[in-house]
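Asker: The residues making up each chain are set out below.
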Amino acid sequence: MLTPAELEALRLSLQVALTAVAISLPLAVLAAWLLARHDFPGKTLFDALVHLPLVMPPVVIGYFLLLLFGTKGPIGGWLYETLGLRLIFTRWGAALAAAVMSFPLMVRAIRLALEAVDRGLEAAARTLGASRLDVFVSVTLPLMLPGIVSGCIVAFAAGLGDFGATITFVGNVQGETQTLSLAIYSLTQTPDGDAAALRLVLISLALALVALFVSERLAHRVRQFIGRG
Amino acid sequence: MSPVPQRLQIRARKRLGSFDFDCDIDVPLTGLTALFGASGAGKSTLINLVAGLHRPDDGRVAIGTTVFCDRAAGIDLPVEKRQLGVVFQDARLFPHLTARQNLMYGFKRAGERARSPRATLDAVVQLLGLSALLDQRPHTLSGGEKQRVALGRALLAQPRLLLMDEPLASLDAARKAEVLPYIERLRDEYDVPILYVSHSLDEVLRLATTLVLIDHGRVVAAGPLAEVLGLPAARPFVGGGEAGALLFAAVQSHDERYALSTLACDGFTLRVPHLDAAIGTRLRVRIPAREVALALACPSDVSISNRIEGVIETCDAPASPSSPSPASGGGGGVSQRASGAPPERRAPASARLLEGWGQGSRQSAYAEVRVRVGPSTVLSATVTRESAERLALAPGLRVWCLVKSVALDAGALAVARGSVATPVALRQPANDERLRVDDWTR
Chain B
1 MLTPAELEAL
11 RLSLQVALTA
21 VAISLPLAVL
31 AAWLLARHDF
41 PGKTLFDALV
51 HLPLVMPPVV
61 IGYFLLLLFG
71 TKGPIGGWLY
81 ETLGLRLIFT
91 RWGAALAAAV
101 MSFPLMVRAI
111 RLALEAVDRG
121 LEAAARTLGA
131 SRLDVFVSVT
141 LPLMLPGIVS
151 GCIVAFAAGL
161 GDFGATITFV
171 GNVQGETQTL
181 SLAIYSLTQT
191 PDGDAAALRL
201 VLISLALALV
211 ALFVSERLAH
221 RVRQFIGRG
Chain A
1 MSPVPQRLQI
11 RARKRLGSFD
21 FDCDIDVPLT
31 GLTALFGASG
41 AGKSTLINLV
51 AGLHRPDDGR
61 VAIGTTVFCD
71 RAAGIDLPVE
81 KRQLGVVFQD
91 ARLFPHLTAR
101 QNLMYGFKRA
111 GERARSPRAT
121 LDAVVQLLGL
131 SALLDQRPHT
141 LSGGEKQRVA
151 LGRALLAQPR
161 LLLMDEPLAS
171 LDAARKAEVL
181 PYIERLRDEY
191 DVPILYVSHS
201 LDEVLRLATT
211 LVLIDHGRVV
221 AAGPLAEVLG
231 LPAARPFVGG
241 GEAGALLFAA
251 VQSHDERYAL
261 STLACDGFTL
271 RVPHLDAAIG
281 TRLRVRIPAR
291 EVALALACPS
301 DVSISNRIEG
311 VIETCDAPAS
321 PSSPSPASGG
331 GGGVSQRASG
341 APPERRAPAS
351 ARLLEGWGQG
361 SRQSAYAEVR
371 VRVGPSTVLS
381 ATVTRESAER
391 LALAPGLRVW
401 CLVKSVALDA
411 GALAVARGSV
421 ATPVALRQPA
431 NDERLRVDDW
441 TR
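Protein chains in written order, with the working numbering: chain B, 1 to 229; chain A, 1 to 442.
Chain A on its own, in the form it takes in the complex (with noise of 0.2 Å):
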């Protein structure tokens, strides 16, 4: 790893149609930056950009010292001159190629840096498991297997930077989980930083280092993984208005009596159903706000048995709901929302009924409760105000963090190989000046 990570600078402006894309993102290029939103929120606009396949209206983009493309000092560095590796969501083989020829294309043109090659076709090959492809055209791979070859391809070309566009959107469940461990053991084994567009957030949870959410061509929020989940501006792009903490833990034990496995995490343990994993292995858990129940002193006589001692930082009730529910005629009574809301939302059926109470009542029926639990975790919590006021929350306030086992199911936790960054301090979102509540709290 070099000392000082090159930063990803992008301040750019691009009228696509109606499409007005102006974002303004800077970052450290380091492990994986995921750009996480919606379709059509200008995330591939975005990876175009850099990759030079768009050209900005106006701004620019640079890497570390290199400036990709500089409009108003008319710089526009050719796409072949860039050094990226990109990873289409369509794999893009070439047909007349076979996989061998297609995995060197990229190599044979890197010049330079092919004498002395970061990757190598062997330690590729080897790497993504591509050793029974090689002599094969791309029309007889599986749709697993030609991602697999691009991003090979990708890495080859000893790119400084590897751009992927939803590379696993285009696949079915078992070839996306056949190509997810790849993508982890190419950002671990190799330290070429990746920009990675998804809208998936079990992706983005189980692969990405920095996060940069995206709105409607809008750069909404920009920072260390944990640190932006943990943001109230997260929370429309989680779904469900679902908040939520992101813990990096590791596996401490198991115990096969009661099938259960114990995390231990940044100064506590959690315990967890069992989890098929070795001792040691790092995984990344999500906590949903709404499964932490709060204790001013230590229960003893409940079922719940991960209880985990904070303090609170902030205690808000936000002014209205994240996500407004469906209105099913006026302000009208609680059954009738409950039955107007559509089977697909998240949240509980008891959940739903109290949202649409505190809209009609035009405040909310929740808080929301940040607690620190350890040096580099914050767990939020979700009560309702009229809890929050009879524990008298408030920060400074010393509580138990209650977290039921059962809630911690395999949908929780993102086993993540090799070594995953450890999380940075959480700042103050106050001192960020990239992020944009306001974009969100319409």
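Here chain B stands alone, though its shape is the one from the complex (with noise of 0.2 Å):
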């Protein structure tokens, strides 16, 4: 049914995607924690920050992941002398980039579900003996999991389409970083890649729906969880 290139584009975008939201989930709520609890000088500045994927273009944003992660770059540098890591041109560099346009989307949908946690659960907690760290894990991480859920799917559907900063920031290498989009971007460049493309954009098709469904069986399970289906 699909040719082992088509297969090969598939699994990348799926194992980029989730790679993503792996990464950025711990970091995503930790951030919306800091915004939604939390006083500090230079908040504002944070917010922006996290923000910033969301209003810049992509290709700026891959162009700063090139300065500060390619093999010359501050972090990058660090992390392929001392660890052997090389992003550029990897999936991990695929995953990273997804991970960084996807983050304040992911970040908004948390700090949402934070801010509506209820305070005086976690209040009532308290009294009952449980530490702020244990009312963190037994009280509000599962109030906001609707929010968890919903920013992983967002953040998941938006790596799953990132096109601009993924280019520019690790190319379009067949079998490595070529996912789903950049293959469809590559095959309408081609002069009779026109059918090939239509099966892609159908296949994405299909994956944005399995995606859709998926998620609102589990948003549907998680809301019967926490007691508010």
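Keep in mind that the hints were calculated from the coordinates and are not lab data.
Backbone N, C-alpha and C define an ideal beta-carbon position, used for all residues, glycine too.
Be aware that a few hints might be false.
[To be verified] To give a feel for the contact side, a few chain B residues facing chain A, derived at Cβ under 8 Å:
hint: 1; residue: Val139
hint: 2; residue: Leu143
hint: 3; residue: Phe225
hint: 4; residue: Ile226
[Unchecked claim] From chain B, some residues computed to sit far from chain A (all C-beta separations above 10 Å):
hint: 5; residue: Thr3
hint: 6; residue: Pro4
hint: 7; residue: Leu25
hint: 8; residue: Leu66
hint: 9; residue: Leu112
hint: 10; residue: Val154
hint: 11; residue: Ala157
hint: 12; residue: Tyr185
hint: 13; residue: Gln189
hint: 14; residue: Ser215
hint: 15; residue: Arg221
[Unchecked claim] Simulated crosslink set (SDA-like; lysine to any residue; CA at most 25 Å straight-line):
hint: 16; chain 1: A; residue 1: Lys176; chain 2: B; residue 2: Leu121
hint: 17; chain 1: A; residue 1: Lys108; chain 2: B; residue 2: Arg132
hint: 18; chain 1: A; residue 1: Lys108; chain 2: B; residue 2: Phe225
hint: 19; chain 1: A; residue 1: Lys81; chain 2: B; residue 2: Phe136
hint: 20; chain 1: A; residue 1: Lys108; chain 2: B; residue 2: Ala123
Could you use the hints to bring the two separately framed chains together as a complex?
Answerer: Structure below.
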């Protein structure tokens, strides 16, 4: 049904998007928590920084990533020298690009959910002998689960579809960084690639529909879990 | 019961916006201590200070030898280390947990104290009637059921003190009636002192053993229930300027023929309209001062059947009426005042007229007479100053208090289940330095 090349692009896209979600989730929870619950100097700057990928052209984000995470960049250089990890032109780099691009969307969803958590419940938990960390794990986190789930889904979808930052940062290497979006782009650039491009478009569409369906089911289950269904 | 009850000592100041909270409380922690006052008086602030949800700007909070907070000494025990159980007005059950998991939330975190628990899950489920609810989620429970689970959850945390912040305030009358008996059982069957915030006099009369009156962030009076209720300072709290006495009684017998019940009080009996309560049931009876008439000899030719002998302790005419009625146009006539008074006022029309008249002449028409009728019972009687002078009422005089049975309907009686603490002998309020009557004579 699918050609090996299509299968590869599909698998790579899923891998990149899922890795991106896994990377950004803990950081997004932390960022959302800082933004929703704390006042600190430079909070506005931090907020702006988190939202930067949302308001800047993706190509510019890709360029920044290239500067920071390239093998000669301050972070990328260090990673390459100490861990032997090269991000540029690899699927890890693609995942990083997708993570950065989808990060603000994830933070927003989680932050909204966190702000909706009743502080009174947290106070009640503390009076019952739970430490702050215990309260966060046993009360706050479960109650913001709907936001976490929707944040992950939005981030997954955004990561799946990223083009500009990915192609700028990690290029368009078939089998390594050529996700569905990049493959479609490549095919539209080839003289008679239209039919193949259409097939990939349909695959993307099917993937989006499946993701939407799964997210609906998941959200329903989560709402039931926290007793709001 | 431990032989020497621990004392709750709070001496704290806290500023919340324009609200200035400054209180000084030192009460023994036995039974149920009610914090009573109007909304916004600072009752919840007090609870939050004890729970550690608020930190005082200055001061100290301690239970027995355990210091919760002492700003001067730099001590501030974290909320979770205070070993309290808090029941909030909105039950605050965790929506993602079942009733059983909610109940066990504090128990699981009680550490050492849960090894030999004073309250076990089975006992609490039994006490609060929760067995059918255990596997339900909070959103499927009614308000009353939620509050019962919240009570159990707090109790299972093995607290040294239970804090209840208006636990019945958000329930309708039927739900209230459903939850109240459980609070009584909890009070009577567990040796856990309770600090209970309420703005409902009914709840306080029914539940409290100790009463703390709070107004505008200040403690007005604190002490045993009957004693505090008898104080002039308590009058604005009781509503409508109504003074009264609280008696502790037990049902002695029923008279089927006349549908009357006899209550045994502190050395005398009261005849009241038939009570649907078993013989021996403990009661609290509130006798409003305006329902008590005085006689110098025991009259036999009156319809009033409750004639209680006693000795006058005090007899004063208050300098100004305790609750001013709204003035409608200067020092107008009697009829004008009567029509100007709002219809929801509790005092009967005649009393309103007299009160208005008294105000116009800058002196009350009334005298307040306190009569000791038993070793630990003082009745209050409101009579006109004219009657007081005619009868030459004065401290030391032997009088008969006349109370119509009809006045003691169900509203005056609160059935208290189980054991009710014996009221301690009344002290002279002047000995109590925590009492600040002057706050109330504005």
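Asker: A separate judgement is required for each hint: does it hold in the structure or not?
Answerer: Verification of the supplied hints:
The closest approach between the C-beta of B/Val139 and any C-beta of chain A is roughly 6 Å, which is under the 8 Å cut-off, so the hint is satisfied. Interface restraint check for B/Leu143: the shortest CB-CB distance to chain A comes to about 6 Å, inside 8 Å, so the restraint holds. Residue-level restraint check for B/Phe225 holds (minimum Cβ-Cβ distance to chain A is 6 Å; threshold 8 Å). Taking 8 Å as the C-beta contact cut-off toward chain A, the hint placing B/Ile226 at the interface holds, the least distance being around 4 Å.
Even its closest Cβ contact with chain A, about 46 Å, leaves B/Thr3 beyond 10 Å, as expected for a residue assigned away from the interface. No beta-carbon of chain A comes within 10 Å of the beta-carbon of B/Pro4; the shortest separation is about 45 Å. Every C-beta of chain A lies more than 10 Å from that of B/Leu25, the closest at about 19 Å, which supports listing it as non-interface. Its beta-carbon lying about 44 Å from the closest one in chain A, B/Leu66 satisfies the requirement of being farther than 10 Å from that chain.
The claim that B/Leu112 lies off the interface holds: its Cβ sits roughly 18 Å from the closest Cβ of chain A, which is beyond the 10 Å cut-off. For B/Val154, the shortest C-beta to C-beta distance to chain A comes to about 22 Å, beyond the 10 Å cut-off, and the non-interface label holds. For B/Ala157, the condition that its CB be more than 10 Å from all CB atoms of chain A holds, with the nearest at approximately 26 Å. Its beta-carbon lying about 44 Å from the closest one in chain A, B/Tyr185 satisfies the requirement of being farther than 10 Å from that chain.
Remark: the non-interface label on B/Gln189 is consistent with the geometry, its nearest Cβ contact in chain A lying 51 Å away (cut-off 10 Å). Remark: the non-interface label on B/Ser215 is consistent with the geometry, its nearest Cβ contact in chain A lying 20 Å away (cut-off 10 Å). Consistency note on B/Arg221: stated as away from chain A, and its beta-carbon is indeed over 10 Å from all of that chain's, at 12 Å minimum. Between A/Lys176 and B/Leu121 the CA atoms are separated by roughly 23 Å; this keeps the pair inside 25 Å, and the hint holds.
Between the alpha carbons of A/Lys108 and B/Arg132 the distance comes to roughly 16 Å, so the proposed pair stays at or under 25 Å and holds. Using a Cα cut-off of 25 Å, the hinted pair A/Lys108 and B/Phe225 holds, with the two alpha carbons roughly 21 Å apart. Annotation: proposed proximity of A/Lys81 to B/Phe136 holds, straight-line Cα distance about 17 Å (limit 25 Å). Between A/Lys108 and B/Ala123, the direct Cα distance comes to roughly 17 Å. Compliance with the 25 Å bound is thereby established for this hinted pair.
Hint violations for this structure: none, all hints satisfied.
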